[in-house]
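Peer 1: So you can see what is in the structure, the chains are spelled out below.
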Amino acid sequence: QKEVEQDPGPLSVPEGAIVSLNCTYSNSAFQYFMWYRQYSRKGPELLMYTYSSGNKEDGRFTAQVDKSSKYISLFIRDSQPSDSATYLCAMSATAGNKLTFGGGTRVLVKP
Amino acid sequence: DAGVIQSPRHEVTEMGQEVTLRCKPISGHDYLFWYRQTMMRGLELLIYFNNNVPIDDSGMPEDRFSAKMPNASFSTLKIQPSEPRDSAVYFCASSRDRSLSPLHFGNGTRLTVT
Numbered sequence: 001q002k003e004v005e006q007d008p009g010p011l012s013v014p015e016g017a018i019v020s021l022n023c024t025y026s027n028s029a030f031q032y033f034m035w036y037r038q039y040s041r042k043g044p045e046l047l048m049y050t051y052s053s054g055n056k057e058d059g060r061f062t063a064q065v066d067k068s069s070k071y072i073s074l075f076i077r078d079s080q081p082s083d084s085a086t087y088l089c090a091m092s093a094t095a096g097n098k099l100t101f102g103g104g105t106r107v108l109v110k111p
Numbered sequence: 001d002a003g004v005i006q007s008p009r010h011e012v013t014e015m016g017q018e019v020t021l022r023c024k025p026i027s028g029h030d031y032l033f034w035y036r037q038t039m040m041r042g043l044e045l046l047i048y049f050n051n052n053v054p055i056d057d058s059g060m061p062e063d064r065f066s067a068k069m070p071n072a073s074f075s076t077l078k079i080q081p082s083e084p085r086d087s088a089v090y091f092c093a094s095s096r097d098r099s100l101s102p103l104h105f106g107n108g109t110r111l112t113v114t
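Sequence order for the protein chains is A and B. Under this note's numbering, the letters of the first sequence match residues 1 to 111, in that order. Under this note's numbering, the letters of the second sequence match residues 1 to 114, in that order.
Calculated directly from the structure, the hints in this document are not laboratory data. Among these hints, one or two may not hold up.
[What the hints assert, rightly or not] Computed spacing ranges between beta-carbons, pair by pair:
no. : chain 1 : residue 1 : chain 2 : residue 2 : range
1   : B       : 58        : A       : 26        : 16 to 22 Å
2   : A       : 20        : B       : 63        : 40 to 46 Å
3   : B       : 102       : A       : 17        : 26 to 32 Å
4   : A       : 68        : B       : 83        : 40 to 46 Å
5   : B       : 102       : A       : 106       : 35 to 41 Å
For every residue, glycine included, the Cβ atom is placed at its ideal position computed from N, Cα and C.
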């Protein structure tokens, strides 16, 4: 079993819908949680990061962490076709950058 | 800021040949990471450097893989001899320090070993 599990999708939604993404993990030592976005044939880029449990909002993006359930989520409001990409969760036990990534969820936002 | 620069973008080689992937990190970044991405295994950390010194190479699959960072602006990942199962996209990333500064990824090298 992988340390971080993520549904590969694809997740197809109409423009303007809310996109809901999540990851589960098994390592209770993880404290730092991130979401990266990866466009086709590009490297991942950081979208959001959170520490421990709680919510964080940045524009149309909201990240949630539930450490008791070992479950993290990313919500994208008012989705746009430009949000079509693969979204990778990543997490770390320490503040260092040795990250463990999920496999990524491919998202398609249809106009 | 030109970002992390990787070369070549694509590499096709035959089994048994030596492959060298190159990376130029963002100027001023102290950490450099090499990742490999495949459909089956996702994004895996191979090795990372701090101030040009290898810190953790536990992700390097086997002795056929080696990485160097001779100076702050250049790193190489070498596979010798290459095998078809090494086919993947190899990413280099850099970051400023050990805190939660984001990893800045290059656009990767797509390696195909036939």
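Peer 1: Confirm or reject each hint.
Peer 2: Tested hints:
1. B/58 / A/26: 16 to 22 Å: At 19 Å between Cβs, range holds.
2. A/20 / B/63: 40 to 46 Å: holds (44 Å)
3. B/102 / A/17: 26 to 32 Å: holds (27 Å)
4. A/68 / B/83: 40 to 46 Å: For residue 68 of chain A and residue 83 of chain B the Cβ distance comes to about 43 Å; the hint holds.
5. B/102 / A/106: 35 to 41 Å: violated (22 Å)
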